[in-house]
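Residue numbers (the working numbering), protein chains in the order written: chain A, 665 to 797; chain B, 608 to 994.
If you are wondering where the hints come from, they were derived from the structure by calculation, not from laboratory data. Heads up, some of the hints might be wrong.
[To be verified] Result set (BS3-like, lysine-lysine): computed pairs, CA atoms no more than 27 Å apart in a straight line:
#1 B/K783 with B/K920
#2 B/K783 with B/K796
#3 A/K752 with B/K866
#4 A/K750 with A/K692
#5 A/K750 with B/K866
#6 B/K634 with A/K736
#7 A/K752 with A/K682
#8 B/K638 with A/K736
#9 A/K736 with A/K784
#10 A/K767 with A/K792
#11 B/K993 with B/K878
#12 B/K866 with A/K696
#13 B/K638 with B/K796
#14 B/K866 with A/K776
#15 B/K783 with B/K970
#16 B/K833 with B/K993
#17 A/K682 with A/K696
#18 B/K790 with B/K634
Everything numeric in this text was worked out from a predicted model, so none of it was measured.
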Amino acid sequence: MIQPIAQPESDFYWENLKKEKIFIQRSKNTKKFQFFPREISIHNPNEKLEWVEVSGEAELYTFSIVYVAPHKNFIDHVPYITALVKLKEGVIIPTNIINVEPKPENLVIGMKLSPVFVHKNNQPTLLKFQPKK
Amino acid sequence: MPNINKLKSISGEAHIIGVAESNEIGKVPNKSPIALHAEAALNALDDAGLNLSDVDGLFTAGWSTLDIAEYLGINPKYTDSTSVGGSSFVIHVAHALSAIASGYCEVALITHGQSGRSDREPMPRNPAAPMAQYENPHGIIGPPISYAMAARRYMHIYGENNTREAMASIALQTRKWANLNPKAYFYDKKMSEEDYHNSRWIAWPFHLLDCCLVTDAGAAIVITSKERAKDSKNGSVSILGAAEGHDHSMISQMPDLTKAFGTYTGPQAMKMAGVSHTDFDLAMLYDSFTYTVLITLENLGFCEPGEGPDFIKSKILGPGGNFPLNTNGGGLSYTHPGMYGIFTVVEAARQMRNQAKDRQLKKCNLALVHGTGGLLSSTGTVILGKD
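The shape of chain B in the complex, shown without the other chains (with noise of 0.2 Å):
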């Protein structure tokens, strides 16, 4: 088992010193993905006040470090290509975490690039995987009929009213922090009720509008040791608290489709980081779809199961609120080019370094950030602090 006092000790051993997208995000049919991974890193690098050869440590997910280290020359003496689905890049800011606390490297340096839009990166199929064999022919393919699935038998235990209106809710207030963010794909698009319930299907009980957006954009993160923190050039987080972990690969196969593996990841970074659920400022949860927010937020354990509907109702999530969540606009209306993962960081850091601009939230000390990838397969769960 994962030994916890040892876990403590690391606790605030590595921070957060630049984040950064690319130069342009949404549609960039000009740019290859593997681009837009090399512009995010010097991005986030110039935020960090650091150069690429300052990096010693490379991380991505969808790519082989070997490629992407190849492209932007250089030699990386820590190397993690973890690729666990969208998730996968909160779960590098762990990995990172415990590189720099064991002296493996010193610069991490997390990159990301999808062209999920302009579609010139078909996703893999490995013809040998279970999925392949027993649920592709049956045309279960990709991320929005799986999660309909499990919101159907969520709606079946639960009710499928409340469950409906949470995951409107989630989606209208998503939408109003969308509309706060000039980089949002729906910046400029305001959301009402009607737009979501007329949005057509696309797996019921999925709407359009309960799906995340196809875009193409990539993202950077720079992490580096507590003493290299110090003296960086736009401020630090503290990475206080990390967990990571999966419980199944195919749909068909999770154990229990209302709970995703958060139930474990949560409370571990929690404990980690020794905080608890009131003291957060900001969620950032990622939203593939807004069932996902929905048993995020039960599996975290900010509510008990099937509460999930009626903690919403109890809280403002959008702009002014008391439970401000996905403040860029989320997977939902921001961005998501396939892999969402690292923009739930990338925010959060903004966030705690005033950042944020129009969205700026008044006091922001403690954010809990959460990766879910593949099929709700696998979770990483991240504690960040103000420095």
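With the rest of the complex left out, here is chain A (with noise of 0.2 Å):
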């Protein structure tokens, strides 16, 4: 796997995904979300942002089955799906879907997804998605 190295504005991020917990900003007034954590509004530059929690509930917006590993720390791992999910709060968070096989026909984009967190010793929490049960 690669790990990810997080930015001073991504730090309560990751934290939370450590106690499994998905944090979003949100600008303050707007209240539209974005993802990726930034240091500054996407919707707006002079609002400021919050950190607003949110359950994880997702739907499929994309996904593909990769059969060659684009890197030699997934050589092991392939095949497996990327996913684009998109969250009930409009977010899109690139991801993997699991604890599913990966076969196209298992796929079906709007499916409702839940989140999985993947704990690793002492490495970044990564938030996964699976079939909503």
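Starting from two chains that each stand alone, build the complex the way the hints lay out.
Below is the structure:
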């Protein structure tokens, strides 16, 4: 795997994933969400940002099934499912769909997903998704 | 906003007078990437009838002009290392036009060289970039996966079977052009429909034959002023319109996975050149993947969103057809060293200067050249006219 290296504006996001909490940034006045964490609001640079905890309920926006590893660290993982998922709050998050056979027929765009927190000792927790039971 | 009236006033003020590849392209393990830059530069200058000492503007991507100029032993007075993916070299054509029209330089040299195949130049990753934090840890790395996710979204909106058929058709017709180009990686290899459908999965929904090649290659372009182009050795091609831009870096930030920035750069370049869709004799559209061509046709306005598959069915893109597309054999079947954009310009200039040999179009007065770079992130459109 490739480990993310948190930056000052994203420390809060990564620290909370470790506690199995998902925090997304929102512009204080317009109440519009944004992903990924930034120092400024992309909706209105004059607005302050606030962190909001979200449930992680999401739907599948699109996906691919990777057969050829794009990096040596993923050779043991193919085939795996990469996806863009849309949170209830409207933002799109890049991730993997896990706990399902990587076959196109198992993946329906729009299907409901729930979050899975994947912990690795001493490494940042990664936010993945699985089909909602 | 870009000032269209000022842009119209510089339309045609710069001309391409030299284009070339490196001596060999394809598998070239015995040459470094920077040597491929240098080789192509000398070849293009020879095509232009000029010497290295004539060059006063230098443009490159993937490298800094510092390294290229030092290697060539020149001191450019105008330098541009714009690197926004494989489209960069098409964008450099626009920048060269602007630099020449405003007097910053008189002879612009654009160089490219990559050893994608022989792999001595692994892509550097910036660990502080958002991509390294949010996409790469999930194995979302490199173009095939990102473009595949965009293609899957397109299929969801507009239908899987017609999209697949269009993608297959692009791969097959592009290969037919490659079969006429001795420099093409797949010059000697025909492709059947079965070959396409039976080729292995890379990143579903992409088969191997939906994906561009990975080769070693270099190329270069020489551009000069209208005045100086008049007595060029092998003829010149006028730069009539140009536009560039980008709207995201990571695929997860793309506003609409079926619309790249060509929706702006296509119409804008055409407006600057004063031409419309039916005027073109040739379209050179960066084909990193079959899907890239499909949405580029839509994004540029050759057809409406979602009508790409019907458009492709209604035209013949291959040799002898009514919509000549990627006549060199494209990134899919000719060459693709990592950032292919420069080769789209090289081929368009060759077609207009009657240098395309077996694949020479009967008539090629106006060409549209379009680069797509990054993860469908950046585009550059250039309109070229025969002199």
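Here is what the structure says about each hint:
no., hint, result
1, B/K783 with B/K920, "holds (16 Å)"
2, B/K783 with B/K796, "holds (9 Å)"
3, A/K752 with B/K866, "holds (23 Å)"
4, A/K750 with A/K692, "holds (21 Å)"
5, A/K750 with B/K866, "holds (18 Å)"
6, B/K634 with A/K736, "holds (22 Å)"
7, A/K752 with A/K682, "holds (21 Å)"
8, B/K638 with A/K736, "holds (25 Å)"
9, A/K736 with A/K784, "holds (19 Å)"
10, A/K767 with A/K792, "holds (17 Å)"
11, B/K993 with B/K878, "holds (18 Å)"
12, B/K866 with A/K696, "holds (23 Å)"
13, B/K638 with B/K796, "holds (25 Å)"
14, B/K866 with A/K776, "holds (25 Å)"
15, B/K783 with B/K970, "holds (19 Å)"
16, B/K833 with B/K993, "holds (13 Å)"
17, A/K682 with A/K696, "holds (25 Å)"
18, B/K790 with B/K634, "holds (11 Å)"
Hint compliance for this structure: no hint is broken.
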